[in-house]
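Spelled out from the first residue to the last, the chains are:
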Amino acid sequence: MDTKSKVKSNLQEAELYKTQGLLNEALEKYLRAGNLIRKDEQLARNKKLYNTVIQKIRALKAEIERIDSSPDTKEVSESVQNIIKEKFAYGEEGDARALEGAIALAKFGQYERALREFRDLMQQENVKVDSAKNIIRCHVTLDSIDDAIRQYEEWFRSNAFTPEQINRLRVFLQSILDKKGIDKTLPHKEVEAMPAESPAALYDNQEVMDGEIIEPEYVEGEVMEDEIQDEDIIDISSVEITLEEGPQKGQTVEYDVSFQSGRVINLLVSSSDKELIETLKTGLELRKVHFYSPMAMFNGEGVVFSKSKIESGPKQGDYSLDIEIKSIK
Amino acid sequence: MANINLKKREVECKIVYYGPGRCGKTTNLEYIFKNFGKQVTGDMVSTDTEGDRTLFFDFLPMGIGKIKGYDIRLALYTVPGQVKYSATRKMVLREVDGLVFVADSLKVRREKNMLSLKDLHQNLKEYGLSIFKVPLVIQYNKRDLADQGIPLMPVKQMNQDLNRQLKVPSFPASAVRGDGVGDTLKACIKLTLQSLKKQMGW
Numbered sequence: 000m001d002t003k004s005k006v007k008s009n010l011q012e013a014e015l016y017k018t019q020g021l022l023n024e025a026l027e028k029y030l031r032a033g034n035l036i037r038k039d040e041q042l043a044r045n046k047k048l049y050n051t052v053i054q055k056i057r058a059l060k061a062e063i064e065r066i067d068s069s070p071d072t073k074e075v076s077e078s079v080q081n082i083i084k085e086k087f088a089y090g091e092e093g094d095a096r097a098l099e100g101a102i103a104l105a106k107f108g109q110y111e112r113a114l115r116e117f118r119d120l121m122q123q124e125n126v127k128v129d130s131a132k133n134i135i136r137c138h139v140t141l142d143s144i145d146d147a148i149r150q151y152e153e154w155f156r157s158n159a160f161t162p163e164q165i166n167r168l169r170v171f172l173q174s175i176l177d178k179k180g181i182d183k184t185l186p187h188k189e190v191e192a193m194p195a196e197s198p199a200a201l202y203d204n205q206e207v208m209d210g211e212i213i214e215p216e217y218v219e220g221e222v223m224e225d226e227i228q229d230e231d232i233i234d235i236s237s238v239e240i241t242l243e244e245g246p247q248k249g250q251t252v253e254y255d256v257s258f259q260s261g262r263v264i265n266l267l268v269s270s271s272d273k274e275l276i277e278t279l280k281t282g283l284e285l286r287k288v289h290f291y292s293p294m295a296m297f298n299g300e301g302v303v304f305s306k307s308k309i310e311s312g313p314k315q316g317d318y319s320l321d322i323e324i325k326s327i328k
Numbered sequence: 000m001a002n003i004n005l006k007k008r009e010v011e012c013k014i015v016y017y018g019p020g021r022c023g024k025t026t027n028l029e030y031i032f033k034n035f036g037k038q039v040t041g042d043m044v045s046t047d048t049e050g051d052r053t054l055f056f057d058f059l060p061m062g063i064g065k066i067k068g069y070d071i072r073l074a075l076y077t078v079p080g081q082v083k084y085s086a087t088r089k090m091v092l093r094e095v096d097g098l099v100f101v102a103d104s105l106k107v108r109r110e111k112n113m114l115s116l117k118d119l120h121q122n123l124k125e126y127g128l129s130i131f132k133v134p135l136v137i138q139y140n141k142r143d144l145a146d147q148g149i150p151l152m153p154v155k156q157m158n159q160d161l162n163r164q165l166k167v168p169s170f171p172a173s174a175v176r177g178d179g180v181g182d183t184l185k186a187c188i189k190l191t192l193q194s195l196k197k198q199m200g201w
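Order-wise, the sequence lines are chains V and L.
Each residue of the first sequence is one higher than the one before, counting from 0 in numbering that gives the first Met the number 0.
Each residue of the second sequence is one higher than the one before, counting from 0 in numbering that gives the first Met the number 0.
Keep in mind the hints are simulated off the structure, nothing from the lab.
Watch out, some of these pointers could steer you wrong.
[To be verified] Computed cross-link-like contacts, DSS-like style, restricted to lysine-lysine with a CA-CA straight-line distance of at most 30 Å:
{"#": "1", "chain 1": "L", "residue 1": "Lys-7", "chain 2": "L", "residue 2": "Lys-83"}
{"#": "2", "chain 1": "L", "residue 1": "Lys-132", "chain 2": "V", "residue 2": "Lys-308"}
{"#": "3", "chain 1": "V", "residue 1": "Lys-306", "chain 2": "L", "residue 2": "Lys-7"}
{"#": "4", "chain 1": "V", "residue 1": "Lys-86", "chain 2": "L", "residue 2": "Lys-132"}
{"#": "5", "chain 1": "L", "residue 1": "Lys-117", "chain 2": "V", "residue 2": "Lys-280"}
{"#": "6", "chain 1": "V", "residue 1": "Lys-273", "chain 2": "V", "residue 2": "Lys-132"}
{"#": "7", "chain 1": "V", "residue 1": "Lys-106", "chain 2": "L", "residue 2": "Lys-117"}
{"#": "8", "chain 1": "V", "residue 1": "Lys-280", "chain 2": "L", "residue 2": "Lys-189"}
{"#": "9", "chain 1": "V", "residue 1": "Lys-60", "chain 2": "V", "residue 2": "Lys-46"}
{"#": "10", "chain 1": "V", "residue 1": "Lys-127", "chain 2": "L", "residue 2": "Lys-6"}
{"#": "11", "chain 1": "L", "residue 1": "Lys-106", "chain 2": "V", "residue 2": "Lys-86"}
{"#": "12", "chain 1": "L", "residue 1": "Lys-89", "chain 2": "V", "residue 2": "Lys-280"}
{"#": "13", "chain 1": "V", "residue 1": "Lys-106", "chain 2": "L", "residue 2": "Lys-124"}
[Unchecked claim] Between beta-carbon pairs, the in silico distance windows are:
{"#": "14", "chain 1": "L", "residue 1": "Lys-185", "chain 2": "V", "residue 2": "Gln-11", "range": "29 to 39 Å"}
{"#": "15", "chain 1": "V", "residue 1": "Gly-282", "chain 2": "L", "residue 2": "Asp-47", "range": "30 to 40 Å"}
{"#": "16", "chain 1": "L", "residue 1": "Val-175", "chain 2": "V", "residue 2": "Gly-249", "range": "35 to 45 Å"}
{"#": "17", "chain 1": "L", "residue 1": "Glu-110", "chain 2": "V", "residue 2": "Gly-282", "range": "31 to 41 Å"}
{"#": "18", "chain 1": "L", "residue 1": "Lys-196", "chain 2": "V", "residue 2": "Lys-5", "range": "55 to 65 Å"}
{"#": "19", "chain 1": "L", "residue 1": "Lys-106", "chain 2": "V", "residue 2": "Lys-314", "range": "31 to 41 Å"}
It should be emphasised that the depicted structure is a prediction, and the values quoted were computed from it without experimental measurement.
Note that beta-carbon positions come from the ideal geometry of N, C-alpha and C, so glycine has one too.
Extracted from the complex, chain V is given alone in its bound form (with noise of 0.2 Å):
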């Protein structure tokens, strides 16, 4: 095939991708044909058809950056959000598949939907709470600690909550504060000591006095194992993994949790760690984990869930782990 009839499959080629929607396949078609024309003594001399060519270069570099720099997560429709709402909840019906629903809203991004389906539902007592937390987490994925910090304080003055819930909610929300590293003590109420009611308490239900963990009642020495459901978890702030295989086999590594879906927790492993990135594949039980909360540390049993690459953003080539919390002692 000659040069001219190369430059015309390639431009030809390129169109079609470009109809296609794949623009980096015409833009690699486009480049090569405007290569071969400038090689080509006789048709370098075609000054036309070459500003053709580069024109069409820079206007799919353009589109191209144009597509990569838009926003990953937009407000879609309501008829869309329904759908999240009603389709992405998988649970029973009732409050708690309402609270996944609003969960899943907040997932795909419809942040906005999504507080206001967590402000709807504080209204149900079983899933008060958990809303509670959520318009929370909903407030500082939108880097807006400031109105959560406004939230919490409103809630605080109203008596929308028994001081119980209100100060499971500030050790929620001092934790993340700490964490951030903003200084900012949140206002906390006085609660009665009450023995907690069940093993699952020491999960869930473990309230502070005057900043004091009030200890779960259960005999001394007795190890409390159990499969472990969504609700019995507190909230980790962090892990201490120590590895049983792989080239670090033997140490500890910690990581701060980064985000926490009932017994999922996830975290971010840097990609310079690409010994523990390769060790710690899916499905890899952990079987010494020291979880930590804001209260108290336990220890227990974890298997990593799943484990992805960041494709974009800040954390751009980073992996995310997800690990699920299987048992705790």
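Put chain L on the given structure of chain V with help from the hints.
Positioned in the frame of chain V, the structure of chain L alone reads:
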């Protein structure tokens, strides 16, 4: 596992169209929406972003009649194909009952097809599902572009690349023309219902 409503005697199966960006997943659903009027039970909902790329998912509800007194409904979804929407793809894939993997026949997209299938395999694994066991069909889309003299992968080669181990039903197609779209969907529904019957003990 399909969503079963014993009270209403309804079963909703989730079928997800998976594949690399711009392979024609949304075009498949658009064709179904326009041409399967009897089975389509509601509007098709899309979430497009810049350059007509799917941002979250497309959604199309369908109804295919009764089995054992249960109304069988289908919820058809597409996932966003772009690599950066990995988290969204995983969310859409949750609780999937049947899958259509749409592969792009263009030669320049060969590697993207394989990467997307690998991504599907990994995401299913993370939900405890095996790509070898889940109801799956593969569609080799954009066969019509051969008419325009653009280099396409032969179907045999695509089968070798993508279906050598899976050995699932596969269909050449042109979603813009509608060729193979119905056959692909029907095959996926058939496999999904077989799996559902097994799960329900029917």
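Okay, the hints, checked on the actual structure:
1. L:Lys-7 with L:Lys-83: violated, 39 Å
2. L:Lys-132 with V:Lys-308: Answer holds: L:Lys-132 to V:Lys-308 is near 26 Å, not above 30 Å.
3. V:Lys-306 with L:Lys-7: It is violated: about 39 Å lies between the C-alpha atoms, which goes past 30 Å.
4. V:Lys-86 with L:Lys-132: OK: V:Lys-86 and L:Lys-132 at ~24 Å, within 30 Å.
5. L:Lys-117 with V:Lys-280: holds, 16 Å
6. V:Lys-273 with V:Lys-132: violated, 34 Å
7. V:Lys-106 with L:Lys-117: OK: V:Lys-106 and L:Lys-117 at ~24 Å, within 30 Å.
8. V:Lys-280 with L:Lys-189: violated, 35 Å
9. V:Lys-60 with V:Lys-46: holds, 21 Å
10. V:Lys-127 with L:Lys-6: Answer holds: V:Lys-127 to L:Lys-6 is near 28 Å, not above 30 Å.
11. L:Lys-106 with V:Lys-86: Outside the cut-off at roughly 36 Å; violated.
12. L:Lys-89 with V:Lys-280: Distance of about 18 Å is within 30 Å: holds.
13. V:Lys-106 with L:Lys-124: holds, 21 Å
14. L:Lys-185 with V:Gln-11: 29 to 39 Å: holds, 36 Å
15. V:Gly-282 with L:Asp-47: 30 to 40 Å: holds, 36 Å
16. L:Val-175 with V:Gly-249: 35 to 45 Å: violated, 58 Å
17. L:Glu-110 with V:Gly-282: 31 to 41 Å: Violated: the Cβ-Cβ distance is about 27 Å, outside 31 to 41 Å.
18. L:Lys-196 with V:Lys-5: 55 to 65 Å: Holds, at about 56 Å.
19. L:Lys-106 with V:Lys-314: 31 to 41 Å: Hint holds: Cβ distance 34 Å, inside 31 to 41 Å.
The structure fails hints 1, 3, 6, 8, 11, 16, 17 (numbered hints given earlier, in ascending order).
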